[in-house]
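Novice: For the sequence shown, position 19 (counting from the first letter as 1) is numbered 19 according to the working numbering, and the numbering increases by one without interruption.
Among the hints, erroneous ones may be present.
[As the list claims (entries may be wrong)] Think about it this way: if two alpha-carbon atoms lie no more than 25 Å apart in a straight line, the pair counts; the simulated DSS-like pairs of lysine-lysine are:
hint : residue 1 : residue 2
1    : LYS207    : LYS127
2    : LYS182    : LYS127
3    : LYS126    : LYS182
4    : LYS207    : LYS126
5    : LYS219    : LYS171
6    : LYS126    : LYS219
7    : LYS122    : LYS182
8    : LYS219    : LYS122
9    : LYS182    : LYS171
10   : LYS207    : LYS219
[As the list claims (entries may be wrong)] The calculated label-pair distances, taken between Cβ atoms and stated as ranges, are:
hint : residue 1 : residue 2 : range
11   : GLN105    : TYR199    : 54 to 62 Å
12   : GLU148    : GLU30     : 52 to 60 Å
13   : ARG231    : THR202    : 20 to 28 Å
14   : GLU187    : TYR63     : 34 to 42 Å
15   : SER244    : LYS207    : 26 to 34 Å
16   : SER170    : SER244    : 54 to 62 Å
17   : SER78     : ALA178    : 45 to 53 Å
18   : SER130    : SER78     : 35 to 43 Å
19   : SER190    : SER130    : 27 to 35 Å
20   : THR128    : THR202    : 31 to 39 Å
Calculated from the structure, these hints are not laboratory results. C-beta atoms are modelled at their ideal positions from N, C-alpha and C, and glycine is treated no differently.
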Amino acid sequence: MSDRVILHGCVLSSMPMGENDRRIVLLTREEGCISAFARGARRQNNPLGAATSPFTFGSFEAYQGRNSWTVISCDVQSYFTDMLTDIDAIYYGSYFAEIAEYYGQEGNDESDRLNLLFVTLKALEKKTMSYEMIRRIYELRTLVINGEYPDFFHCVISGTNENLHALSISKRGVVSDAERQKVRDSEPVSDSVLYALRYVTTAPIQKLYAFQLKPDAEKSFCDFLRRYRNRYRERNYHSEAFIS
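Input sequences plus hints: build the corresponding full structure.
Specialist: Dropping the structure here:
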């Protein structure tokens, strides 16, 4: 048996294996996104039963085998029990976890992705803003973590950072007034929406959901990011069917 280690992370998904076990996917700070077994987790009164449910954040004692990890115990930090009383929040949380599982890589430093998921589930739990708004913020910040996000600070044609009042999905970012006529799909953007887009790409993750937009600005913000994501989406997610 390999040496036991402590992995700080979150259960992204869980499925039964055999008569009493579970196979889980963990997003961890130390080892990235990994597959792990929890032996006996489905037995009555086994403490791993609750600890291996989706959305569980904690410190997992585990060891690495030839093909997968095995979880021995867990010191739970949060079950997000308040979130679990709202079926819509569960659907959104499942969608966010599925995205994290798709992009998370074993052996990578996934600290930012893990922190993003934690603060996003907290936002769902506290209902700090609309679920649609939380979704678009999460999707955009995921692009930032992946290193493929739009440029909201410099004109994507000229590179200037002045007179930026339009957005382009095809050009992946903001367009200056001088260059706008050259971009067929350019569309106007208000200062408040552009500020919000910039904020989401650069703010500390812990403060990501600490702002508000007026209803019209929120609608424009979400609409742009929805269309941007649909243009460049890499796959369809099973859980997305429940929130679309």
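Novice: Next step is simple, just say for each hint if it's right about the structure.
Specialist: So, going through the hints one by one against the coordinates:
1. Taking the CA atoms of LYS207 and LYS127, the gap is about 15 Å. The hint holds against a cut of 25 Å.
2. For the suggested pair LYS182 and LYS127, the alpha carbons sit about 41 Å apart, so the restraint of at most 25 Å is broken.
3. At roughly 44 Å between alpha-carbon atoms, LYS126 and LYS182 are farther apart than 25 Å, so this suggested pair is violated.
4. Distance check on the hinted pair: LYS207 and LYS126 sit about 14 Å apart at the alpha-carbon level, within 25 Å; holds.
5. For a cut-off of 25 Å, the pair hint linking LYS219 to LYS171 stands: about 21 Å separates their Cα positions.
6. For a cut-off of 25 Å, the pair hint linking LYS126 to LYS219 stands: about 21 Å separates their Cα positions.
7. The hinted pair formed by LYS122 and LYS182 fails the criterion: a straight-line CA distance of about 42 Å is larger than 25 Å.
8. With a C-alpha separation of about 22 Å, the suggested pair LYS219 and LYS122 falls inside the 25 Å cut-off, and the hint holds.
9. For the hint linking LYS182 to LYS171, the alpha-carbon distance of about 11 Å falls within 25 Å, and the restraint holds.
10. The hinted pair formed by LYS207 and LYS219 meets the criterion: a straight-line CA distance of about 21 Å does not exceed 25 Å.
11. Range check, GLN105 to TYR199: about 27 Å between beta-carbon atoms, so the 54 to 62 Å window is missed.
12. The given range of 52 to 60 Å is broken by GLU148 and GLU30, whose C-beta atoms sit roughly 25 Å from each other.
13. Taken as a hint, the range 20 to 28 Å holds for the pair ARG231 and THR202, whose Cβ atoms sit roughly 23 Å apart.
14. Distance hint check: the CB atoms of GLU187 and TYR63 are about 53 Å apart, inconsistent with the given range 34 to 42 Å.
15. For SER244 and LYS207, the Cβ-Cβ distance of about 28 Å falls inside the hinted range of 26 to 34 Å, so the restraint holds.
16. At roughly 23 Å, the beta carbons of SER170 and SER244 sit outside the given window of 54 to 62 Å.
17. Against the hinted window of 45 to 53 Å, the Cβ-Cβ separation of SER78 and ALA178 comes to about 50 Å, which satisfies the hint.
18. The hinted window of 35 to 43 Å between SER130 and SER78 is violated, with their beta carbons roughly 22 Å apart.
19. Look at SER190 against SER130: about 18 Å separates their beta carbons, and that is not inside 27 to 35 Å.
20. A C-beta distance of roughly 19 Å is found between THR128 and THR202, which places it outside the suggested range of 31 to 39 Å.
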